[in-house]
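Kindly generate the complete structure, drawing on both the sequences and the hints.
Sequence lines, in order, name chains L and X. For the first sequence, the residue numbers in the numbering used here are 6 to 151. For the second sequence, the residue numbers in the numbering used here are 48 to 165.
Hints listed in this document are in silico derivations from the structure and should not be mistaken for laboratory results. A portion of the hints provided could be inaccurate.
To give an idea of the chain X side of the interface with chain L (calculated C-beta under 10 angstroms), a few residues [to be verified]: (1) 58; (2) 61; (3) 62; (4) 73; (5) 99; (6) 104; (7) 107; (8) 108; (9) 118; (10) 120; (11) 125; (12) 126; (13) 130; (14) 140; (15) 143; (16) 145.
Below, in silico cross-link-like pairs of lysine-lysine (DSSO-like), each with a Cα-Cα straight-line distance of 27 angstroms or less [what the hints assert, rightly or not]: (17) X:60 to L:50; (18) X:106 to L:28; (19) X:160 to X:60; (20) X:60 to L:59; (21) L:59 to X:121; (22) L:39 to L:28; (23) X:60 to L:54; (24) X:160 to L:59; (25) L:39 to L:50; (26) X:106 to L:50; (27) X:106 to L:39; (28) X:121 to X:60; (29) L:24 to X:160; (30) L:50 to X:160; (31) X:160 to X:106; (32) X:106 to X:121; (33) X:121 to L:54; (34) L:39 to L:24.
Note that the structure is predicted; figures quoted are calculated from it, not measured. Glycine included, C-beta positions come from ideal geometry on N, C-alpha and C.
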Amino acid sequence: MINLAIFLALLTLGIVFGKLNEKRHYRSIHAREKAASAIPTTTFKTLPKEMISKHCELASGSVVISIDYFKRFLSGFRLTFGGEMNSYSSLIDRARREAVLRMQESHPGASFFLNVRIETSSIGNGSDKGVGSIEVLAYGTAIYSA
Amino acid sequence: MLFSLLQPALIMKISNIEDIPGHNIVEFYGIVQGSTIRAKHFGKDMLAGFKNIVGGELKGYTELLHESREEASKRMIQQATDLGANAVVNVRFSTSSVAQGAAEILAYGTAVKVVPHD
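Structure (structure tokens):
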């Protein structure tokens with residue numbers, strides 16, 4: 006009985022705070038992406054001909070993000086019935102975009118980002134099975150042209 | 048002391064493309080690498096357990112991995128400095144978890160000597 010009560014409490018906490026967190030995070034991502042969109046961030050390996058580089062630096066940004074209890078519970082069902090796991094898609098999408106934003110924000114004066122790579126790894130912490138939390142690293146070469 | 052520690056990182060040019068824009072590569076020194084294995088702090092782990100319920104960013108882990116990545120790059124740069132290189136090109140990072148609660152961070156690249164065009 007107590008176990009069930011704890012479980013339900015965790016589920017409610019997960020629903021309420023998980024939703025709030027995600028909404029707030031997406032809002033901040035949208036705002037910052039708009040601000041950062043002026044600087045081209047590419048997977049090219051060479052600079053366009055008309056650009057001259059004065060200086061270059063390795064830029065990186067990373068984030069570790071965790072899924073909430075409710076979504077983890079839902080994904081349990083998905084594992085049984087199959088189909089797209091929406092709860093994980095949004096988690097990974099948020100993490101990737103956040104990592105790229107952090108990379109851009111770590112070099113505010115840069116005028117170009119070359120060869121940006123995104124790497125994802127899962128950190129199975131605490132949870133006995135499945136993806137508990139993921140780490141995303143974005144890195145690239147920041148070019149200063151002035 | 049601090050200045051001498053920072054010095055190699057300041058003069059070393061690092062990129063993850065095949066060259067340093069505006070420079071010619073004149074000499075290769077081969078692969079240089081740096082790695083570190085870090086375990087997480089108990090207190091941070093407790094906090095992460097709570098975050099697993101409500102979701103969201105695990106700041107402690109982000110910091111931990113950031114610090115280890117800096118450490119790995121520093122070791123890589125040190126190795127390149129010892130070889131007499133002034134740039135490291137085509138740098139890659141990789142992460143793997145070696146044990147429960149510990150992560151290995153590896154940074155590797157090619158040490159080269161570059162000179163500016165013209």
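Consistency of the hints with the structure:
Annotation: interface hint on residue 58 of chain X violated; nearest CB of chain L at approximately 12 angstroms, more than 10 angstroms. Checking residue 61 of chain X against chain L by beta carbon gives a least distance of about 4 angstroms; that is within 10 angstroms, so the hint holds. With its C-beta approaching chain L no nearer than about 4 angstroms, residue 62 of chain X sits inside the 10 angstroms limit, and its interface hint holds. A least Cβ separation of about 17 angstroms between residue 73 of chain X and chain L goes past the 10 angstroms threshold, and the interface hint is therefore violated.
A hinted interface residue such as residue 99 of chain X counts as satisfied when its beta carbon comes closer than 10 angstroms to some beta carbon of chain L; here the least separation is about 5 angstroms, so the hint holds. A cut of 10 angstroms between beta carbons decides the hint on residue 104 of chain X: the least distance to chain L is about 5 angstroms, and the hint holds. Among the interface hints, the one on residue 107 of chain X holds; its C-beta lies about 8 angstroms from the nearest C-beta in chain L, closer than the 10 angstroms criterion. Checking residue 108 of chain X against chain L: minimum C-beta separation of about 4 angstroms stays under 10 angstroms; hint holds.
Interface hint status for residue 118 of chain X: violated, as the beta-carbon distance to the closest one in chain L is roughly 13 angstroms, over 10 angstroms. Look at residue 120 of chain X: its Cβ gets to within about 8 angstroms of chain L, closer than 10 angstroms, so that hint holds up. At a threshold of 10 angstroms, the smallest CB-CB gap from residue 125 of chain X to chain L is about 15 angstroms, leaving the interface hint violated. Among the interface hints, the one on residue 126 of chain X is violated; its C-beta lies about 16 angstroms from the nearest C-beta in chain L, farther than the 10 angstroms criterion.
With its C-beta approaching chain L no nearer than about 18 angstroms, residue 130 of chain X sits outside the 10 angstroms limit, and its interface hint is violated. With its C-beta approaching chain L no nearer than about 6 angstroms, residue 140 of chain X sits inside the 10 angstroms limit, and its interface hint holds. Evaluation of the residue 143 of chain X hint against chain L yields a held restraint, the C-beta minimum of about 7 angstroms falling below 10 angstroms. Hint status for residue 145 of chain X: violated, given a least beta-carbon distance of 12 angstroms to chain L, over 10 angstroms.
Between residue 60 of chain X and residue 50 of chain L, the direct Cα distance comes to roughly 17 angstroms. Compliance with the 27 angstroms bound is thereby established for this hinted pair. The straight-line distance between the Cα atoms of residue 106 of chain X and residue 28 of chain L is roughly 18 angstroms, inside the 27 angstroms bound, and the hint therefore holds. With a C-alpha separation of about 10 angstroms, the suggested pairing of residue 160 of chain X with residue 60 of chain X holds against the 27 angstroms cut-off. Annotation: proposed proximity of residue 60 of chain X to residue 59 of chain L holds, straight-line Cα distance about 12 angstroms (limit 27 angstroms).
About 23 angstroms separates the Cα atoms of residue 59 of chain L and residue 121 of chain X, which keeps this hinted pair within 27 angstroms; it holds. Between residue 39 of chain L and residue 28 of chain L the alpha-carbon distance is near 17 angstroms, which keeps this suggested pair within the 27 angstroms criterion. For the hint pairing residue 60 of chain X with residue 54 of chain L, the CA-to-CA distance comes to about 21 angstroms; that is within 27 angstroms, so the pair holds. Only pairs whose Cα atoms come within 27 angstroms are accepted, and residue 160 of chain X paired with residue 59 of chain L is accepted, the gap being roughly 17 angstroms.
Among the hinted pairs, residue 39 of chain L with residue 50 of chain L is consistent with the structure: their alpha-carbon atoms are about 24 angstroms apart, no more than 27 angstroms. Among the hinted pairs, residue 106 of chain X with residue 50 of chain L is inconsistent with the structure: their alpha-carbon atoms are about 32 angstroms apart, more than 27 angstroms. With a CA separation close to 24 angstroms, the supplied pair residue 106 of chain X and residue 39 of chain L stays within the 27 angstroms bound. Note on residue 121 of chain X and residue 60 of chain X: the hinted pairing holds, with a Cα-Cα distance of about 13 angstroms set against a maximum of 27 angstroms.
About 51 angstroms separates the Cα atoms of residue 24 of chain L and residue 160 of chain X, which puts this hinted pair outside 27 angstroms; it is violated. This hinted pair checks out: residue 50 of chain L and residue 160 of chain X have alpha carbons roughly 20 angstroms apart, not beyond 27 angstroms. For the proposed pair residue 160 of chain X and residue 106 of chain X, the alpha carbon gap of about 38 angstroms is over 27 angstroms, so the pair is violated. Simply put, residue 106 of chain X and residue 121 of chain X have alpha-carbon atoms about 22 angstroms apart, close enough for the 27 angstroms limit, and the pair holds.
A hinted pair counts as satisfied when its Cα atoms are at most 27 angstroms apart, and residue 121 of chain X with residue 54 of chain L does not qualify at roughly 32 angstroms. For the proposed pair residue 39 of chain L and residue 24 of chain L, the alpha carbon gap of about 23 angstroms is at most 27 angstroms, so the pair holds.
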